[in-house]
Each structure stands twice: as structure tokens, then as C-alpha cells.
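**Student:** Turn these sequences into a full structure, and let the hints steer you where they fit.
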Amino acid sequence: MKLVSYSKEKTPTKTRTGLLWGEWILDIDEVAGTAEKLKISAPRSIRNLPAVITIKQILSRNPKLLDDLQSVSWRIFNRIAPEHVHRFMTRIEDAALKAPVPDPPTLRDFYAFEDHVKAARARRGLPMPQEWYEFPAFYYSNPHVIYGPEDNVPYPSYTKTLDYELEVACVIGRGGMDIPESEAEAHIAGYTIMNDWSARDVQVGEMKIGLGPAKAKDFATSLGPWLVTPDELQDRRTAPGKFNLKMTAKVNNKQLSIGNMDKMHWTFPQMIARASQSVQLQPGEVFGSGTIGTGSLLELGPEVHSWLKPGDIVELEIERLGGLRNKVIRPEKTSE
1 MKLVSYSKEK TPTKTRTGLL WGEWILDIDE VAGTAEKLKI SAPRSIRNLP
51 AVITIKQILS RNPKLLDDLQ SVSWRIFNRI APEHVHRFMT RIEDAALKAP
101 VPDPPTLRDF YAFEDHVKAA RARRGLPMPQ EWYEFPAFYY SNPHVIYGPE
151 DNVPYPSYTK TLDYELEVAC VIGRGGMDIP ESEAEAHIAG YTIMNDWSAR
201 DVQVGEMKIG LGPAKAKDFA TSLGPWLVTP DELQDRRTAP GKFNLKMTAK
251 VNNKQLSIGN MDKMHWTFPQ MIARASQSVQ LQPGEVFGSG TIGTGSLLEL
301 GPEVHSWLKP GDIVELEIER LGGLRNKVIR PEKTSE
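Heads up: the sequence shown at position 275 corresponds to 275 in our numbering, and the numbers run straight through without jumps.
What the hints contain is simulated information worked out from the structure, not anything from laboratory work.
Model, not experiment: these values are computed from the prediction.
Backbone N, C-alpha and C define an ideal beta-carbon position, used for all residues, glycine too.
Any given hint could turn out to be false.
Calculated cross-link-like contacts (lysine-lysine; reagent style DSSO-like; alpha-carbon spacing at most 27 Å) [what the hints assert, rightly or not]:
| id | residue 1 | residue 2 |
| --- | --- | --- |
| 1 | K246 | K327 |
| 2 | K160 | K208 |
| 3 | K160 | K309 |
| 4 | K208 | K309 |
| 5 | K215 | K160 |
| 6 | K37 | K8 |
| 7 | K254 | K118 |
| 8 | K263 | K118 |
Okay, the calculated beta carbon distance ranges per label pair [said to hold, decoys possible]:
| id | residue 1 | residue 2 | range |
| --- | --- | --- | --- |
| 9 | D115 | R237 | 18 to 24 Å |
| 10 | A96 | K309 | 21 to 27 Å |
| 11 | N252 | M177 | 42 to 48 Å |
| 12 | N152 | E83 | 34 to 40 Å |
| 13 | G210 | W74 | 50 to 56 Å |
| 14 | P180 | E83 | 47 to 53 Å |
| 15 | W307 | W74 | 43 to 49 Å |
| 16 | S182 | K160 | 42 to 48 Å |
| 17 | R237 | Q130 | 26 to 32 Å |
**Tutor:** So, in C-alpha cells, the structure goes:
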């Protein structure tokens, strides 16, 4: 199942939640009513949904709600004759997709791909720290500057070395504290693509102090295009929370990065177990994987591509998860 946050073309300011079936979006607000019109039985969990509900709010309700939505929406889609689909659903090309979780309670970014860590540190003449192999490390990023697919991302005024980072993210579905690694996969609601935009010159200074990245990652994170539930990926599963999925990044339609989610050293269940130690995780929290090998300009070096500039278009793609495209723009001047 794919969950989307979107707005209809005629009401671009109102964010809605839907289920994506092929090229069609079934609005969650309309699932109960559509089921009734088609004489499909819907459980109370769906009939009692509020008029407007976000993906984060769905995850905060009964964990069985996702299963109920999938079951009922599947019956709806298979009941409607193809020539009548437009009466009940919105074509994806007529919708403006948003970040699936535009306001996560927290945003943690991990450091899970050994190839990236080794290459990026080698660029700076640094060895691999032994501690990296002992636990999955993370930092907190800014959950209030989330961008979705096709959003323009303003170039931050305080950097001259803007970079992208090709990552995969999981979204927490069930909360919990002290979650064992063996049970952690059941706490994952789904997966999405993540671009951890980075100001590299600022990052270098912060990390010399022993803090950060902080301001270097404070201005933008892109998520999207939708949230894919784990059941859709099971035929590619190679370990708990780990899948054989090709990952690529392009700048101005030139492919620069290529890798695979399966190359993660630290898995999402291991990240969840670490993060939940003596801490209550909340539904809707986002966990970034960290950058894949070759997944940033920092790692590739200036001989492959210069730092990003206004006008550049960055496209990230992950098999089964879709594509995430953003344009870097000059920021609008603000008045004093």
C-alpha cells in the first residue's frame, strides 16, 4: 500500500491524505462513503475517521487501521468499473504531492552505509573510527523544514557548498520504549526517499568543534513521493528492515550516484533498538538511513561534479519507492 499526502489542483492549500492505486488516489476522507455507495462493509475504525486526517494521525490511532484501510480500499478499487474510476478517485497527475509526513515529531538521521563513511572520511584524510562499528550513531535534524516532491528548495544564504544526500527513510508506525531489535521491524509503518540537504563548509567547521552537523543540516530535508508499507517490498527483503532496492541520484538529468539499500551496515531495526533505549518513540517519527556510497558530491569530489547552485534539479530514485525531484532556487529576500 502507498500512502500519499496531497492537495487537489483546485484547493492547493488544503492537504489531504490518500491511498495510491496505480495512477489513482482514493482520498481517505472518502473511503467510508465510497464503500457505503458500493455496498462494501467497512469496519468501525474506518467509519469513525474524522473528516480530515493526516498520515501521522492515522499512525497514532489503532495499529490495525492501516490493515483495514488496505483491505477496504482494495475492495473498492476492484469493485469500480474502469470507466467510472474518475467519479471516485483523483488521477495522480491532477494532484500536487506533498511530503508524506510533512511534520514529523522528530527527525533522526543515521550513518548506516560503510562505503559512504569510508569514502567521505578518506576525502578529509581521516580514518574510520572504531566506534562506528559498535553502535548505529545518529543526530537530530530539523523537523520543521520538510519539503516534498517537486518543491523548490531555497539555497541557504550561509553556504557556498550545497550538497545533496541520497538516503532511504523509515517512518515509525507503532511507538514504544526499549524495543528489542528482534521486534523492531513491526514498528515500521513504511519507507520513503529522503534527501538530506547539506551545507558542507558549515559542516566542516561545526564538526571540528565536536558538535554537529547542526546548522549544516538545519535548512531543508526532502521526503517523498509517498510512504510504501513493508508488505509491498517483501519479495526484495534480504534481512529485517533491509531490501534489495537500487538507489540513484541525478543532477540536471546526469546520473551521479548509484547504490543499493541492501548495502546498509546498520539496519533499521538496529537503529530503532538504539534510539528507543530509555526513550519513547512516537508514531510518525522519521529515521534517515544516512547516505549511500557515492550518494553525495562530498564523496564524489569536484572532478565529478561541482557543488549545487540555484537552478540545479536534483532527482533521487529508489526502486519500488518512486522518485523525489527538487529544484534549488535563490531564496526570496526578506524584509528587515
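**Student:** All the hints need checking, so say for each whether the structure fits it.
**Tutor:** These are the hints, each one checked on the structure:
{"no.": "1", "hint": "K246 with K327", "in the structure": "holds (23 Å)"}
{"no.": "2", "hint": "K160 with K208", "in the structure": "holds (18 Å)"}
{"no.": "3", "hint": "K160 with K309", "in the structure": "holds (9 Å)"}
{"no.": "4", "hint": "K208 with K309", "in the structure": "holds (25 Å)"}
{"no.": "5", "hint": "K215 with K160", "in the structure": "holds (14 Å)"}
{"no.": "6", "hint": "K37 with K8", "in the structure": "holds (22 Å)"}
{"no.": "7", "hint": "K254 with K118", "in the structure": "holds (24 Å)"}
{"no.": "8", "hint": "K263 with K118", "in the structure": "holds (13 Å)"}
{"no.": "9", "hint": "D115 with R237: 18 to 24 Å", "in the structure": "holds (21 Å)"}
{"no.": "10", "hint": "A96 with K309: 21 to 27 Å", "in the structure": "holds (26 Å)"}
{"no.": "11", "hint": "N252 with M177: 42 to 48 Å", "in the structure": "holds (45 Å)"}
{"no.": "12", "hint": "N152 with E83: 34 to 40 Å", "in the structure": "holds (37 Å)"}
{"no.": "13", "hint": "G210 with W74: 50 to 56 Å", "in the structure": "holds (52 Å)"}
{"no.": "14", "hint": "P180 with E83: 47 to 53 Å", "in the structure": "holds (51 Å)"}
{"no.": "15", "hint": "W307 with W74: 43 to 49 Å", "in the structure": "holds (46 Å)"}
{"no.": "16", "hint": "S182 with K160: 42 to 48 Å", "in the structure": "holds (46 Å)"}
{"no.": "17", "hint": "R237 with Q130: 26 to 32 Å", "in the structure": "holds (30 Å)"}
Hint check: no violations occur; every hint is consistent with the structure.
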